[in-house]
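S.K.: Here is how the chains run, residue by residue.
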Amino acid sequence: NAGVTQTPKFQVLKTGQSMTLQCAQDMNHEYMSWYRQDPGMGLRLIHYSVGAGITDQGEVPNGYNVSRSTTEDFPLRLLSAAPSQTSVYFCASSRQGVPVGELFFGEGSRLTVL
Amino acid sequence: AQTVTQSQPEMSVQEAETVTLSCTYDTSESDYYLFWYKQPPSRQMILVIRQEAYKQQNATENRFSVNFQKAAKSFSLKISDSQLGDAAMYFCAYPGGSQGNLIFGKGTKLSVKP
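Which chain is which? The protein sequence lines are A and B, in order. Letter by letter, the first sequence follows residues 411 to 524 in our numbering. Letter by letter, the second sequence follows residues 2 to 115 in our numbering.
Derived from the structure by calculation, the hints contain no laboratory data. Glycine residues also receive a C-beta, built at the ideal position from the N, C-alpha and C atoms. Worth double-checking, as some hints may not be accurate.
In the DSS-like style, the derived pairs of lysine-lysine whose C-alpha atoms are separated by at most 25 angstroms in a straight line are [as the list claims (entries may be wrong)]:
1) LYS110/B <-> LYS79/B
2) LYS110/B <-> LYS419/A
3) LYS79/B <-> LYS56/B
4) LYS79/B <-> LYS114/B
5) LYS419/A <-> LYS74/B
6) LYS56/B <-> LYS74/B
Now the in silico label distances, taken between C-beta atoms and shown as ranges [to be verified]:
7) VAL422/A <-> GLN58/B: 41 to 51 angstroms
8) PRO493/A <-> PRO41/B: 22 to 32 angstroms
9) ASN68/B <-> VAL422/A: 21 to 31 angstroms
10) SER75/B <-> THR425/A: 36 to 46 angstroms
11) ASP448/A <-> PRO41/B: 10 to 20 angstroms
12) SER490/A <-> THR21/B: 44 to 54 angstroms
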């Protein structure tokens, strides 16, 4: 069972570079989301999607773009990386839509922006 | 904004002893789920236990149980017979974010002493 797969697991960027964090799930979940985790801050929602073609902003969306062309994939794009985006990023999916039920998480991606 | 508060940034317990992690939240909803997630050093987010707010009976999963007090909006996690493998960050969460997305507390770091 693959569950939620995130790539890459580690990435170092220079300020101003762009990149995409990939997320794929094989559980046919309609709901997918991206969180970032920073020390002492818990997990904060960046963007989420309730189905293919539908995305919306979370608590901290600035500097990030998402799209959802298929049920399985939900990539997160950093348009112009900044040091403030140094964080651990988690993709998560849920069988239940909003209000969200149990979230299934990927293993996380640690991003460092120099 | 609705919030989740974990008032204990760090806690410590002796192996085989019992420890309780606290969580309070703010909601005007009457029916929702509450969750406790564990994050060991591997970074993986693991669901520990789930409570349905409309059920009066407290949820139990092996050595983990909750003390759910709906009127007080309190959702504490009790770990009995603590084991070294219980050492981790623990996050409580509930669908209090915009559109019912899960919002997370800032976490409690649990250490287990042999």
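S.K.: Quick check: which numbered hints come out false for this structure?
M.R.: As far as the earlier hints go, 5, 9 are violated by this structure, in ascending order.
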